[in-house]
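Dock chains B, C and D against the given chain A, drawing on the hints supplied.
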Amino acid sequence: MEIGLSHYLILSGLLFAIGIYGILTRRNAIALLMCVELMLNAVNINLVAINRFLQPDWRIMTGQIFAAFVIVLAAAEACVGFALVIAIYRNLNRINVDEINLLKW
Amino acid sequence: MEGLGQWLYDHLLSLILWTPVVGALFILFTHRENVRQIRFWAHVFTFLPLAFSVYLWIAFNPPQMEMQFVETYDWIPVLGIRYKLGVDGLSMPLVVLTALLTFVSVVYSPTAIRVREKEYYALFLLLETGLVGTFMALDFVLFYVFWEVSLVPMYFLIGIWGGPQREYAAIKFFLYTLVGSVAMLLSILILYFHSEPRTFGMTELIEQQPLEGKGILQVLAFLGFYLAFAIKVPVFPFHTWLPDAHVEAPTAGSVLLAGILLKMGTYGFVRISLPLLPEGSQVFWAPMGVLGLINIIYGSLVAMAQDDLKKLVAYSSIGHMGFVMLGIAAAAMDGRSFTDPVLRDYKVIALNGATFQMIAHGLMTGAMFLLVGVIYERAHHRDINRFGGLWSQMVVYGSLFSFFSMGELGLPGLAGFWGEFLAVLGAFQLFAWAGLAVIGIVITAAYFLWTVQRMFLGEPKEAHSNYPDMNLQEHISLWPLAVLTFLAGVYPKGLLTIIQPAMESAVEKMTKVLGGG
Amino acid sequence: MTFKDLFILLLGPELWLTFLGFFLFTLDLIFPRAPKKVFGLLTLLAFVGGLVLVAAQVLSPDLADEVRQAAQENRLGYWLVTTFSLDGLATFSKGAIFIGAILIALVTVDYVEKNLREGIPEFYGLMVFSVLALCFMVSSVELITLFLAIEFASISSYILAAYLRGDPKSSEAAMKYFLVGATTTAAGLYGMSLIYAGTGTTYLYEMTAQFMPQLGETGVAFSPPLPVLIGLLMMLATLGFKVAMVPFHGWCPDAYEGAPTPITAFLSVASKIAGMATLMRVFASGFGPLSAGWVPILAFLSLVTMTFGNLAALWQTNVKRLMAYSSISQVGYLLIGVAAFSPSDFQTLLGMSTFQGSEMALPGIFYFLLGYAFANMGAFAVIIWVENWEGATDRESFEGLAQRSPVAAALLTLSFLSLIGIPPLAGFFGKFFLFGAALSRGLGWLAIAGVVNSVISAFYYLEVVRRMYFFPPRRPERVSTSLMVSSAAVLGVVGAFAIGILTEPAYQWAMAAFFDVVFAPNISFR
Amino acid sequence: MGEVIAFYILALIIVLGALAVVTGRNLFHCGLSLAAVLLAVAGLFILNGAEFLAWVQVLIYVGAVLVIILYAIMLSENITGERILLISQNRGVGFAAATLVFALIAFLGISLSGLLAGHTSSVKDPVLALLEGADSNVIVFGTLLLTRYILPFEFASVFLVIALIGALVIARTAE
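Protein chains in written order, with this note's numbering: chain A, 42 to 146; chain B, 3 to 519; chain C, 30 to 555; chain D, 6 to 180.
Next comes chain A alone, as it looks inside the complex:
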């Protein structure tokens, strides 16, 4: 039995779908942030696997580079997300997004 691209794609699809499930069901901002991280990891699995299986020359590692930039993005997003959580706390003292409803959701 061989592990092929399909395996990786299905695994990443599963991870992505779980992330979406989390996005739709969770109400806590930090938890939502974690779900986004799950989705981003699904993307990275995809990119690395595609790079490996579809690019004959291993030195052209577009997918891996792409994935590295996605990690950079995840770091920046986490940073800003955290800052926003603190800002919301200071203003409202609550963190569940359905509890903050000054504006219609």
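Derived by calculation from the structure, the hints in this document are not laboratory data.
Every value quoted in this text rests on a predicted model; they were computed, and no experiment measured them.
Glycine included, each C-beta is placed from N, C-alpha and C at the ideal position.
Hints are not guaranteed to be accurate.
Stated by the list, open to error - Ranges between beta-carbon positions, derived for each pair: (1) Tyr76(D) to Gly195(C): 24 to 32 Å; (2) Arg507(C) to Phe31(B): 16 to 24 Å; (3) Val481(C) to Ser116(D): 38 to 46 Å.
To be verified - Covered stretches of chain D, as calculated for chain A (at least 3 residues, CB under 8 Å): (4) 33 to 43; (5) 150 to 162.
Claimed, not checked - Not everything, but these chain C residues come out facing chain B in the computed CB check (under 8 Å): (6) Phe464; (7) Ser469; (8) Val480; (9) Arg495.
Then chains B, C and D, alone, in the frame of chain A:
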């Protein structure tokens, strides 16, 4: 001097068109407290276009069938959109009428308008440009631009200086007209995309007949234009905006609404729908005729039931515009009538009547609304039943009111007669049921006479014993209309020689397409 | 030309923005007591300078040749120009973005003085950097650069939206904005990975080159392979989020209402221009030959977006929120142009058939964007004008404005008339071109939906106009403002007028941009 | 065979961990499960020959991102003074959407590997000349980053600085 005269002659239409905008700018840069100066500029910059347009009338060459005083400049060459102006026997009288009515409205306005005058006069001048431009434009995009430009100032005129229900009336007017114009926009675009070479020029498109034989597409394009024009006219059942707008608008606004804005619709039918989309017009000639008749009879019946003088005049407009629509329907009637030269002549007669009626109605209804304004300024109500015996109090007013009432009901010898007579005569020869229009004429006569009786005859009432007769401004604004109504009545030929070639040309263009069938 | 020259020529406006942005940060460190207005003026300088540099790029006649030359001689230069393109699409959008940014900077100074207590230098610095990000966005022709730019722009917007520290609405709006943004980003990235799987490259024009042969002589559009189509649609989540397209619009009303008003203006003008330009870059340029796959979807989304935006706007009582829904509906109109794209546009540009000026679809979008930017900026400048005085943006604050400040009322009315589409303002011609494009491409139903929506939109715009003109003023005193805000409003409206009347040059410029949408790679790659 | 076993073990960790993240009631535990997922993903990277990326994943993701998240959890619990209990809403909708997405991608995944034999670029990439003789993942990675991806690389550095400054500005306490 020679050069200047020639230059004036070459740019006559642009001058008439843009002078009011210059005036609006002058007013915008005048301080709002300086009312005298604002009024002065308004008078000057409505008089100038009037003077220019009188010159236009004199310099106009009636027998020529083509457009005159044409000015063409490229505007958006990549799409073939041009700044193209021109007038013929159909549009020239309407341009003059617009200039005249705007001027008399401005002369009349100081007695009625006392607040926010700076905005008022600026908008009024802007409105004039929109109206004049609509009649002059020979490029569809330009036409559409002016069509919409005339909409915005009127919205504010009704909404700010109107009666108690003004906001409702203003928004209703705006939205109704906007619905029509966007439908027209789509039709214009359809025409453009079927033209070869691509053009928005009206005369070029009429020459090309891009939708000839295109069946359903021609019908759709026709319906797009129809919606726009029918709402403006207004044809039953699109008329519901009109009573609101007319009743709520300030007097001068009503004058322009009834005198000019309604004509934009009928002008569109004669200028665009008939020659450009003859097959589409032909499909709908009977509904147009029937709706015209409904307009005449329904308008008159409803007018008879009114106690509010302004509403009465408003509904009488619906009735009178029905005659125009009847004439247009006659011109649009189907193929057989195009092959027979006699019937074709009746088409021309009907169209002559329709166009004559546009002018006559503009003069007389404009005057009627001014007269309503005159009495309203004194009594602060318009309930006919609360007046009575006014004649003894206001002799000149009573005489003028009766004079215009006679004109409205179509007394031979006054302007109103010829339009209705020719339109019904022409239409009757083509389809006999047009004769039902006579019912409308009778009802109209009845309610106008009844109104005169209720307001002016009988015992003078205590409540209005101290009403002064008309003041100077009211005299200046009303007498020109009275004189012209009389002149057009006793010497209709003066107007008809101008109109006739344009109508012949329209029928000829339709015949070229439909004559074979 | 050396690499350095190329670098400066190609990235001139971006380098200038980076320099000034960091300069703003350091200036605050060195002179903590510097008057805050200085930062505002420096920001204005940054944007004006950017516009000048873009103009220099557009006007220098043989820049393209020089760039091509240098890129072929110099390896680093080569990699520079293959990720960062200086084509008509990029320069046009940058020009429009800078124009919008200048007007925004003008209205920001007063607003900041009135409403912000701290972090003012950073506020301006972040504004400069968001514009930088937008410039990158419209120039990237490679997916990695593109997504970084999009994220940069989004993240700085989240921060700017959260800037009203005392106002819980602001942080809440930013939080919602952030969560929707992060989710759509993840989806978009997943889509990009699928596109990468389907094409093996991240360069947009390599994708075009792959699909072109299939388009062939016939010019009939074909559907993309399934992974690419799905990837494209997932990418649409990110781009749709940026331009606030239904169904990715959820953040828009909240963010517009909660954010500081200049940032609202920024989101609705600069951000939207960049988003639309990128959308066109990806769909029309990268995947143009595949239009059979995405055109029906975009046509449908266009219908939904404009209808939803307009219907929802009818119920709004806060003018900022109303502008949010109105901007959603404007995106719907813009999408008509994208949906009216056809591969024949592609072919005309490749010289396979002759170009007709009447091919209005893509130039129409650019023209519409420009007109929309001016009119919207005029409107927002007046909203800030009123907000600075009244402290609120609900409809009641606008009552009787015509008598308290006739100029403000007139300017707002004209902006709204342009947004409704009344000629001769720019908004009319924008719609005219887009509806025309739809009609000429057999999307008559979309054109009809467009005009029906225009009429609906008149309701809510006129509701505000009604309150300004027909209502008595709530308070007698006049509403005055600084020269900067009023000149921004005047510039916005004059701009809307000017490109309405001078349609030809604006349309020509838009057409030049259109030519280069398809010719994305500005150097020969082979 | 070794790869097969490793893949399935890592996949199991990923899926179970992810499920724990989206269903757990204790936020702190969710964070720890996320750490497990991230580490397992790093394992997958190694499996795919992306050693350098795996290190990046461990250092940045687990080292930095996760720490921020855990810090956020503890800080917020500290501010409110109560343990945050997570609730899940709209489970049905979430489940349906997730299933739909998964089905779509899984279908793609199965069909895709047949559809695409491999990528052959028509472009003669000049970067290949530089990579002549390069034998380690790190060298290639670094070379690519500083040649072909020089612009995104520089851009990302500005991006990170600004994100940090921005985060500081909104998070700092009022003076």
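Against the structure, the hints come out as follows:
The hint said 24 to 32 Å for the Cβ distance between Tyr76(D) and Gly195(C), and at roughly 25 Å that hint holds. At about 19 Å, the CB distance of Arg507(C) to Phe31(B) agrees with the hint of 16 to 24 Å. Checked against the given bound of 38 to 46 Å, the beta carbons of Val481(C) and Ser116(D), roughly 41 Å apart, stay inside it. Proximity of the region 33 to 43 of chain D to chain A, defined as three or more residues with a beta carbon under 8 Å from a beta carbon of that chain, is established by the 5 residues found.
For the region 150 to 162 of chain D, the stated coverage by chain A is satisfied: 4 residues place a CB nearer than 8 Å to a CB of that chain, which reaches the threshold of 3. Hint on Phe464(C) holds. Least Cβ distance to chain B is approximately 6 Å, under the 8 Å limit. With a least beta-carbon distance of about 5 Å to chain B, the hint placing Ser469(C) at the interface is held under the 8 Å criterion. The interface hint given for Val480(C) holds, since its Cβ lies 4 Å from the closest Cβ of chain B, which is under the 8 Å cut-off.
Taking 8 Å as the C-beta contact cut-off toward chain B, the hint placing Arg495(C) at the interface holds, the least distance being around 6 Å.
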